[in-house]
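Two chains, two separate frames, one set of hints: put the complex together.
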Amino acid sequence: MIDPKTIAHIAKLARLEVGAEEAAKYSEELSKALQYFEQIAKVDTKGVEPLLTPSEIVPFWREDEARRDHSAEEMTANAPEKMGNLFKVPPVV
Amino acid sequence: MDLTTASMLEIADAVRQKKVSAKEVASHYMNRIKTLDPKLNSFITVNDKALDEATLIDQKIAKGEEVGIFAGVPFGIKDMFCTKGLKTTAASKILGNFVPPYDATVVARLKKAGIVVMGKLNLDEFAMGSSNETSAFGGVKNPWNLDHVPGGSSGGSAAAQAARLVAGTVGTDTGGSIRQPASFCGIVGVKPTYGRVSRYGIVSYASSLDQAGPMVSTVRDAAASLTVMSGRDERDATTSEKDVPDFNKNLNSNVKGMKIGILKEYMAGGLDPDVQKTVEKSIETLKQAGAEIVEVSVPLTEHAVPIYYLIATSEASSNLARYDGVKYGYRADYGAHGAEDLDAFYSKTRGEGFGKEVKRRIMLGTYCLSSGYYDAYYSKSCQVRGLLKNQFDDAFKKCDVILSPVSTHPAFKAGERISDPLAMYLNDIYTVSTNLAGLPGMSVPFGMSSSKLPIGVQITAGHFEEQKMLNVALALEEASSVKGEKPHVI
Chain A
86 MIDPKTIAHI AKLARLEVGA EEAAKYSEEL SKALQYFEQI AKVDTKGVEP
136 LLTPSEIVPF WREDEARRDH SAEEMTANAP EKMGNLFKVP PVV
Chain B
168 MDLTTASMLE IADAVRQKKV SAKEVASHYM NRIKTLDPKL NSFITVNDKA
218 LDEATLIDQK IAKGEEVGIF AGVPFGIKDM FCTKGLKTTA ASKILGNFVP
268 PYDATVVARL KKAGIVVMGK LNLDEFAMGS SNETSAFGGV KNPWNLDHVP
318 GGSSGGSAAA QAARLVAGTV GTDTGGSIRQ PASFCGIVGV KPTYGRVSRY
368 GIVSYASSLD QAGPMVSTVR DAAASLTVMS GRDERDATTS EKDVPDFNKN
418 LNSNVKGMKI GILKEYMAGG LDPDVQKTVE KSIETLKQAG AEIVEVSVPL
468 TEHAVPIYYL IATSEASSNL ARYDGVKYGY RADYGAHGAE DLDAFYSKTR
518 GEGFGKEVKR RIMLGTYCLS SGYYDAYYSK SCQVRGLLKN QFDDAFKKCD
568 VILSPVSTHP AFKAGERISD PLAMYLNDIY TVSTNLAGLP GMSVPFGMSS
618 SKLPIGVQIT AGHFEEQKML NVALALEEAS SVKGEKPHVI
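If you're matching them up, the sequences are chains A and B in order.
Quick note, the first sequence lines up with residues 86 to 178 if you use my numbering.
Quick note, the second sequence lines up with residues 168 to 657 if you use my numbering.
Chain B on its own, in the form it takes in the complex (with noise of 0.2 Å):
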């Protein structure tokens, strides 16, 4: 077995059978973090731990105890999860250096399954980006092309499984931060339903917005990540108690019959040629597969962009308003002689610790959510959205999941679109429906550019629907152009 391109079951398979020990899996991949990640700086904090935990895996097996279906595979975690013990910073000094006390609930699962938790990934600061260009620490390149960006905000996630310096990652998307840098890295990222996976542990950005989703480089390994973090947590309120299938033991590829729907707002132009090839050549292949292509409207997808901005910055002025240098995170210097008052010390806390998009965005949802603008605003896009999600839920009943494009463009360049805040917005135009009607979305790696750059398709389906994604998604997998390419650095 190769472990450098070995999915997540097969490495944990050849663990549990003693092929090959959780700790020389875990050296195997840490000397590719040691080498590779100073090209891409997908990391932001290594777990020095890692072996020692592997190693704790190796002594289960020996002594016949029970481990878990990812037993001893080496996992990456998007550094706005909370890991007991180990620095999480949201990619934003305003966190500095803090240690959590607890481990997020989709952490918890992950490793009770078997994980070796490698390290903490870079990401835009607080997840407010689709570059990665925002974190304090750094951009992350792109393993495909070290001039383009990884996307974001998960872009640490998609690179460091992109160039396999992990087996497996987790990511969170509000707004296509899932989606779009794994469309943009050739790995499949899968955003559940909303209410499917616990929030709990999570650094909050736009509370109805986000979920949490495997980002891995096969469709098996994604459903079978899901099926482990999925599920009512009683530690937070809107996580659904719907039952959790076997997403992986239920995948089955064949879409005979079913109803694949084209979303005709999403395929009105303004594509790039190589993505619009990649769409429609995967429609295409269902069809040949016996899948009933039908077409589908949603009108109002047309101002999603900016209720998405208004809703997602509204709560993340008030979930980043706890920020305040008191309890944890940064602390600005007072001086010898105390602060002016409260209001001075706090604002003086916050502005230097968050970095300007996310200024931005918490001057946006302040003014929306201020007297006088409120209605105009925050509730008129809260109306919107309910007959958005209205509109889909009418979709649903004409097909099965919807197949889009994830992004207009494959990954643009670093540097090329961070000067303009709106055009950066716009490039989400795809994915925030999505988020805006709480279904599930994922991406499958399908295309590749003229330039060698991987391009994803987008597949949606209906609320607690994510296996019927899940078999398109394997079915598209195995005519994906992607498989046989392989990004620069590996």
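Here chain A stands alone, though its shape is the one from the complex (with noise of 0.2 Å):
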């Protein structure tokens, strides 16, 4: 059971402003979603390693090159807001 002082903690650490409501809510669902996937301890994993990504990755390597593929104009562009080419973020003191 995941109660809504855990649901509090989880919205915390994930940055989600999370109403009273909301989190009672959360607790339900969560709960119920995780009962059904408690199934899994059944399951004999001893000595198994994690698989973490399905496909054989070969690693490739290129050489440590600036590429100027775009200019700072554009990757500021969608900003809430800037000043010249900066990101401008609120005051937080």
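Errors might be hidden in some of the hints.
[To be verified] Keeping only pairs whose Cα atoms sit at most 20 Å apart, straight-line, the calculated PhoX-like set for lysine-lysine is:
1. B:Lys423 x B:Lys565
2. B:Lys653 x B:Lys426
3. B:Lys431 x A:Lys97
4. A:Lys117 x B:Lys523
5. B:Lys448 x B:Lys431
6. B:Lys216 x B:Lys227
7. B:Lys523 x A:Lys110
8. A:Lys127 x B:Lys556
9. B:Lys494 x A:Lys167
10. B:Lys556 x A:Lys131
It is worth saying that the hints were derived from the structure and are not from the lab.
See the structure below:
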């Protein structure tokens, strides 16, 4: 059971603002899902290597060279707020 | 040639031979979008430069310049792919009015082959959903019956393709998001082997599961599109160095002597009778054509839905950490005096910007990765994933492809399942294993339900064996009951 207190902790870790009503709903829904998911505990995985990615990855290398694919204007064009080519964030003091 | 029903390859041939101009084709489809999409809501953004882009292709042809195999083919892109200069939202408020400065590799390769981008297609928010009902831009309707969902997450792609508002589309598949909507809308949808197609420029959901693939009208178009999209990309280190065959050229519907595996666990019950009949008829069709039917078993598929959701949400919680309201996308109003602190600023932006299902998955994933639960949930799931992959590898020693249902039911009604997240997750029971094991899988339309909804059959193959899968799909396409049937809106 994931109680509302745990929900608040998780929401903090995830940087998500979650209201009280929402938290109660998540507590119920996530508990139900996890209760179902608990079944995996039955599978014997002693000594099994966790599989993190399904295909064999052959690393490849390139020269460590700067490439000028995009201008600073292009890369900051979507900023919610900016000053010149700098991202602007709210004052937090 | 009827432009509305012609295949991508037929349209491109006609354009290259100047039987029709790319501009005429684009305006034909633009008219269809304007007239029919208000009923379907399959587009998030229509490309208002599409006709100009088509004209450029005509000019190239007039000058005798090289144009690609999809010259002048009107194409829709799931709004999960970055498109240079064209708004990309992932159907989320948090991406807001994001206009990418670059094309995803898949989009760049398709453009090089000559497609004309007609616009960006609706989906479940961040591809998280199985019914297209979680989109911040509203749900999409199934063109075969407007009361039903088109499936998800690539619901806009499937609906637009089935209603022929475009001649081809591309989707992404993390746990069935190409195959399930393809089945629900009666089109061909291919999820390639993990590593076959570059993920560069695709909005990340779960990086070890995501793959892009074609959602089109014919197996031939699928094969040709896959050839264009596939191959090593220096911008995605997980792409494979394996040679990309010409899937279309090698296409062959002769299945004589092929071994078709039937997965015992997937036929165990709980299937809608029309779905059951469709799969049985497809088995019979291949048997008649000389294929050998063998039973195979992958017992761990029983746990596939739990391990899929535990892994996918864990990866998602990490991938979606980037949406913080600083460099692009939505930013919450923090008032005239600044934010209380930086965390409060992030939390408010993210709390307001993400929709319900996305938040639910971020919460679940964060929980799985949090201290004290990591081993029991995330790590354990990855271990079971390893065992599941081994069981599939063993199954493919006994057969060439596995034939199965895509989904337990044909397209369900809108609103029917959205209120119960777990019930919605269980929709994905036959599709998620393919992603967990990194295998290629596809849906090919084969049967019709008693209420006139199309039903697809799923074909899964071993790693990098897409050709076998496409060949079997071609054999089934020739005998499909969906041929000759038309969606309600056409």
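Results for each hint:
This hinted pair checks out: lysine 423 of chain B and lysine 565 of chain B have alpha carbons roughly 16 Å apart, not beyond 20 Å. Of the pairs offered as hints, the one joining lysine 653 of chain B and lysine 426 of chain B is violated, with about 33 Å between alpha carbons and a cut-off of 20 Å exceeded. Between lysine 431 of chain B and lysine 97 of chain A, the direct Cα distance comes to roughly 44 Å. Violation of the 20 Å bound is thereby established for this hinted pair. With a CA separation close to 17 Å, the supplied pair lysine 117 of chain A and lysine 523 of chain B stays within the 20 Å bound.
Distance restraint check for lysine 448 of chain B and lysine 431 of chain B: the Cα-Cα separation of roughly 17 Å lies within the 20 Å cut-off, and the hinted pair is therefore satisfied. Of the supplied pair hints, the one linking lysine 216 of chain B and lysine 227 of chain B holds, its CA atoms being roughly 17 Å apart against a limit of 20 Å. The suggested pairing of lysine 523 of chain B with lysine 110 of chain A holds, with an alpha-carbon distance near 11 Å, which does not exceed 20 Å. Restraint check: the Cα-Cα separation between lysine 127 of chain A and lysine 556 of chain B comes to about 18 Å, which is no more than 20 Å; the hinted pair holds.
Restraint check: the Cα-Cα separation between lysine 494 of chain B and lysine 167 of chain A comes to about 9 Å, which is no more than 20 Å; the hinted pair holds. Restraint check for lysine 556 of chain B and lysine 131 of chain A: satisfied, since their Cα atoms lie roughly 16 Å apart, inside the 20 Å limit.
The structure fails hints 2, 3 (numbered hints given earlier, in ascending order).
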